[in-house]
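Take the sequences, apply the hints, and build the full model.
Protein chains: 6
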Amino acid sequence: MKVTVSRKAHFNAAHRLFRKDWSFEKNDEIFGKCNNPNFHGHNYELIVSVEGDIDKETGYVIDMKILKDIIKTEIEDAFDHKNLNIEVPEFKDLNPTAENIAVVIYNKIKPLIDVSLDLVITLYETPRNFVTYSGN
Amino acid sequence: MKVTVSRKAHFNAAHRLFRKDWSFEKNDEIFGKCNNPNFHGHNYELIVSVEGDIDKETGYVIDMKILKDIIKTEIEDAFDHKNLNIEVPEFKDLNPTAENIAVVIYNKIKPLIDVSLDLVITLYETPRNFVTYSGN
Amino acid sequence: MKVTVSRKAHFNAAHRLFRKDWSFEKNDEIFGKCNNPNFHGHNYELIVSVEGDIDKETGYVIDMKILKDIIKTEIEDAFDHKNLNIEVPEFKDLNPTAENIAVVIYNKIKPLIDVSLDLVITLYETPRNFVTYSGN
Amino acid sequence: MKVTVSRKAHFNAAHRLFRKDWSFEKNDEIFGKCNNPNFHGHNYELIVSVEGDIDKETGYVIDMKILKDIIKTEIEDAFDHKNLNIEVPEFKDLNPTAENIAVVIYNKIKPLIDVSLDLVITLYETPRNFVTYSGN
Amino acid sequence: MKVTVSRKAHFNAAHRLFRKDWSFEKNDEIFGKCNNPNFHGHNYELIVSVEGDIDKETGYVIDMKILKDIIKTEIEDAFDHKNLNIEVPEFKDLNPTAENIAVVIYNKIKPLIDVSLDLVITLYETPRNFVTYSGN
Amino acid sequence: MKVTVSRKAHFNAAHRLFRKDWSFEKNDEIFGKCNNPNFHGHNYELIVSVEGDIDKETGYVIDMKILKDIIKTEIEDAFDHKNLNIEVPEFKDLNPTAENIAVVIYNKIKPLIDVSLDLVITLYETPRNFVTYSGN
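Residue numbers (the numbering used here), protein chains in the order written: chain P, 1189 to 1324; chain S, 1189 to 1324; chain V, 1189 to 1324; chain C, 1189 to 1324; chain W, 1189 to 1324; chain B, 1189 to 1324.
Simulated from the structure, these hints should not be mistaken for lab results.
One should not assume that every hint holds.
[As the list claims (entries may be wrong)] Below 27 Å or equal to it, Euclidean Cα-Cα: the simulated DSSO-like pairs (lysine-lysine) are:
#1 S:K1221 x V:K1260
#2 C:K1221 x V:K1256
#3 W:K1296 x C:K1221
#4 W:K1221 x V:K1256
Nothing here was measured: the structure is a model prediction, and the numbers come from that model.
Spelled out as C-alpha cells, the structure:
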C-alpha cells in the first residue's frame, strides 16, 4: 500500500533573477522587475512529499520527525534569512527561479531518504505562484 | 527536468445548473437548489498548472507573466462578473457544472501555450468543492 | 471575564448592485460590472462573533450548537443558493452591497441571542474583500 | 473526458500511536510524544477525490450531494468526536497513524462508489502534515 | 504610536468537556458529544497579540523572538500532545472549553511581558470555531 | 451605521533590519539573522480597513475600486519587488520592521481618504507574524 506523506516548512529569502553572462538589458527584458539589482524577496512555503509503502510495523511511510529534521538541516538552515544569489552556493551560477530552487531542494533531500521512496517538492514562491518537481 | 508551474487566479460569476431539454421537474430532481431559475453564484478560484522542461537559458518552464496574461484575457475577462449561462457562449448549450467549466477553461488555454507543455486545470467552485482536469 | 466566540458559516448567492430609482447609466457609472443585469455571484464566508461573560457553570459564552443552529435557520436557509435581489425580501428595496448584507445579517441574529451579548458580523464577499459590522 | 472532483470534510478525534504487542519503552522510542497514554488529538481535514468520466447527461462525474452523504455517514458519523483507538473498530488492532487512517477511509468509501471511478484520499492530520492514498 | 504585533503558534491536544460535580446525564445534556469519556481532540491554532508603543530605538513593539520563546515554553511545551483534562494542572477543576483555555493562556503569558503591553489571545479550536480574550 | 470594509493586497520585497548609527555587533545582537547585510525578503500580505458610515445612496462605505486603486498606486507600485532599505525613501533613516512599515503605509493612505473615515493597517510579514496599526 503506497501512501504519500507530506510535510510543510518555510523560509524567507532575498533573490534576484538574472544571468551573469547576459547584459543588463537582456536580463531586464526577460526577467523584468525580478531583475532588480537590489534584490526582492519571498516567504517561500515548501511541501516535501515522500511516497512509499506503509511500514507494517510502525504504520509510517517515513517518521515525520526524521523528515522534519532533514528539512530543517538541509533547507531551512541553509536558505532561511539568506540572499539566495550571494549566500547559497548552489545558486552561484544558477538563476534562482522557483523552478531551479525546487530542483536544488530535491537534489539535497533525495540522497538522505531511503532509495525506495519517491520524492516530490512543491514550492510556493508566493501564495499565488508555485512549482512542483518530482525528479523526472 | 520536468517541472510543473502553477498560477492562481479568480473570477466571480452567477450560474444555474439545468438542461433546456429537460422538464423543470427533472432538472429539479437532478440539480436541486443549483437549478434555481434566478441563479446563484460563486467566487471561482482557478489554478492553471503547466508542466514542461525547464528552459536552461531562463530557468523558467514558462514565463509566469505570459501565463498570467493568457489567464487574464481568456478567462478573467470572459467570465468575471458574468452570468455563465447567459453571457458566456461556451455554456449556451452546455451545463455549467464545475466539471464542464474546467474543460472549457482547458480548451481555451491549451492552444495558446507551446505544444510541448502539459496543462492541468484545477477549479474551486467553493472552498470545499473543486475539480481537476488534465485533458485526458 | 468577557470572551468573544466566533463561528464560521457560508452561503453561495447571486446578486446585482443597482438602485431601481436610478437610470441604468447612473447605476453603471457607480457600480460598474457589479451592475450586470444578468447578475453575478459569490461564495460568501460569514463569521458570527458573540461577546459576553463566560458562564461559570458551563465555561461557555454561548453554546456553539445553538449559535450554529441560529445561523443555519436565519442565514444559510434564507440566503444559500438564492438570488439576493429577487428572493430575499430584505433586499427588495435595499442594494445588496456587502455592507448592507452584513447589517441585514446582524439585524436577523441580534434579537435571537441574549440581550447581554454583543454581536459582530464579518462577511467575506471574496477572499480579498470583507466587511465588519458591530451594530453601532 | 476524465475529471477529478474533490470534496472537503473534517472530523475531530483523539488518538494515540502505539502497538499493544510492543513494550512501553519501544512504543516511546518509536512514537515519542504521540505515544502519550492519555491520548492527544487532531482536527482532521479530509479531501475525498473521485476521478471518472463526465456524465454527458448531467455534466457531473458524481453528484456531490451523494458523495457528501457517503462521507457524512461513513466517516464523519463514525470518527467525529471519537477516540480512534478505543471507539473505532478498524483501529482495534491497527495503529491510527495518518497513513493507516487514510487507508481505512479509502476502504470504507471505495465499495460505495461506482466501480468505474478512481478514489484518492487526502488527510491532513495538522495544517502542516498530510497524507495521500489512492489504493495502490 | 501603538501597534499590535501578533504571532501564530499551535498545539495538538485531547480534551473532554464535563464537570466532575455534575451527573453524566447532565454533562451529556449540556456538552453532547464533547462529553465523550474517551476524549476527542483538536489542533489548536493560537494567535498571541501584544499591543504597545513602538520602541524608537529598535522599531519593535516586542522582539518576536522573545514572544516566540515565551509561547514555546509556557504554552506549546505545556499543552502540546497532552490530555488537557488529565495532564494540564490548570484544568484539574476547570472545564477546558475554548473560552477557558484562552483565559488560562492569557494568565500564563501576561505576567511575562512588560506591564505596559496589552495582550489579546485568539484561539482556534477548529478552523470554524475560535475565541478571543483580552483580559477584561 | 458604521461598517468596516477591508481589502487585501500584497507585495514582495527585500529588507534588512539594522540601524546605521549602531555597530554591526549591536545590530547583530538586537536583530540577529534579520540583520543579514545581504538582505532577506518577504511576501507581505496587506489588509487595508476603512471604517465609516454606510452611504445611504450607494450602500458603500467607500468604493472598493477607489480603495484598490489607492493601494495600487501608493503601496504596490512603490514597494513591490523593491529593496525597502535602498529603494523606498521612507526607510532611508527608518528601520523597516513590520511595525514601521505598517505606520508608513498608514501615513501614505490616510490623507487620500475622506477625513471622516478611520483607517486600520494589518500587515503580514509572514503567514505567522503580523502587525496592526490604527493611527493612535
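Tested hints:
1. S:K1221 x V:K1260: Holds, at roughly 16 Å.
2. C:K1221 x V:K1256: The given pair, whose Cα atoms are some 34 Å apart, is violated under the 27 Å limit.
3. W:K1296 x C:K1221: Between K1296 (chain W) and K1221 (chain C) the Cα gap is close to 23 Å, so the pair holds against 27 Å.
4. W:K1221 x V:K1256: holds (15 Å)
Taken one by one, the earlier hints fail for this structure only at number 2.
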